[in-house]
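Visitor: Protein chains in written order, with UniProt numbering: chain H, 1 to 251; chain C, 1 to 317.
Possibly wrong hints are sitting among the right ones.
[To be verified] Okay, derived cross-link-like pairs now, DSBU-like style, lysine-lysine, Cα gap no bigger than 30 Å in a straight line:
#1 Lys210/C to Lys210/H
#2 Lys75/H to Lys131/H
#3 Lys262/C to Lys75/H
#4 Lys122/C to Lys89/H
#5 Lys128/C to Lys15/H
#6 Lys213/H to Lys210/C
Treat the hints as calculated values from the structure; they're not laboratory data.
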Amino acid sequence: MVDIKNVFKMYNQKKVVDDVSISIEKGTITSFIGPNGAGKSTLISMISRLIAKDDGEITIDGQDIMKTKNNELAKKISILKQSNSINLKLTIRELVAFGRFPYSQGKLRNEDWVKVDEAIRYMELGEIQDKYLDELSGGQRQRAHIAMVLAQDTEYILLDEPLNNLDMRHSVQIMKTLRKLVDELGKTILLVIHDINFASCYSDHIVALKDGKIIKQGRTCDVIDQCVLKDIYDMDIEIQNIDDRKICVYF
Amino acid sequence: MKIRYLVLILITFSFASVFIGVSNVSPLDLFHLTEDQAQILLVSRLPRLVSILIAGMSMSICGLIMQQLSRNKFVSPTTAGTLDSARLGILVSMMMFTAASPFQKMLVSFAFALIGTFIFMKILDKIKFKDAIFIPLVGLMFGNIISSISTFFAYRNDLIQNMSSWMQGDFSMIMSGNYELLYVSIPILALAFFYANKFTIAGMGEDFSKNLGLNYRQVVNLGLIIVALVTASVVLTVGVIPFLGLIIPNIVTIYRGDHLKKSIIHTALLGAVFVLFCDIIGRLIIYPYEVPISLTVGVIGSGIFIYLLLRRKKYGL
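Chain H on its own, in the form it takes in the complex (with noise of 0.2 Å):
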């Protein structure tokens, strides 16, 4: 469980993130929707404590995260940000053999080994393991970063805006493999995320902000609807139920 309790943050007296508390259960996806400005990346950023919080508390597993060691909670939490800053010539292997860095420092054994043999297998890059990042296509990429976070082997999974410079194939890939991961692996997604239909397609929870602010949080069936959308967008999107599913048209 991530216990997010009265949640502030200020950046240059605004408040980016206005009195936010979630708890996020074990074993699901949960997608950040919201305009720009809203406050998610905000958000999970502070849950994974890469900027601080200005007031309130953070907790998983009961752990308060500002009093976890970094080391302890790298195993724990993950969190990939848009991949696209890393101009490093580093191999796709040799990138995912650092998601074993808070296990290891380095010193990869062979249980690392397999972990990052895993990982490569499980996002179907064998093929072009030993290629350099800097040669692959932005999906390649994306796919790559993600199995540097699975092979850190954390039970909670943050990602920024995934989906980001994707075209529909890798997205669609992309959201398939994290319902895979929370199907078949037990692992807990917490994902921002800016096309609504990929957020209803996929996710079980949804949390919409609003200037800093939750809007509304529940289920997806819940926050997919016309007059709660309308709230958070400020305009008219019909929802469709096609094969069981709700589409959003907002065109």
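Knowing the structure of chain H, use the given hints to seat chain C on it.
Guide: Quick look at chain C alone, frame taken from chain H:
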């Protein structure tokens, strides 16, 4: 390039280096050296070789660490104000503590180099426009400002000539008794090797490091301390060797990638080979006189640097 070729080349060049010079010592004499020849070997030739090897290795590794930590391929002690700050430190120690031992001078110089590099890294944090070429240019400007401060004080204290000996790297003055300070670099380089994995992670950014539970600030600070300490010891004994920290890591990256664990030994070896090569050329080109190392390295190094720049453009990196 295989590591054993590098080692082989290094040994060959080292051998050549020992037997090149005005006084005639040939490999054939090795087993029945006259007293003079033994003196020359022990007092001048071998210390020179050792200092070339250490300086070459350590300045290249400094460049490698700085490029990793600043996440910019064109940052090095030359282009981040580190060298200039180290020189200012030496000047200050000469003015304020005239009786200081070389080791004390090095500590003062180290402190300055460290502060200078920290300031550069702070400037780097503030710059929004993270262009690969723009950042080293800022570093060069910053270095020149520090350098002009040094010149100002040196001028007022009649130390200009003294200063210029640190301006130009030169191995011809190396003799046993005045180069041993360089040995300080060896344990520090061993530490750098030990931290190779952590530097690589730090090179992927603060968020990335935190995600993996790495104490980012601590690793960056350690890296900068290593760079400052090594730079100070090299500048004080040999002088400034330009371009070395810039080109060697870049060449190694091309064929070994950016994983420090894979590239650090290659960087060290190639750095040593390159300086040895430049030193041998410098000694042969106007034999029996010699050209200072900073000149040969400068000429060959700038050529390679231009090649790297053009190559980078071609590959759009």
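Visitor: Taking each numbered hint in turn, which are not upheld by the structure, reported in ascending numerical order?
Guide: Those not satisfied: there are none.
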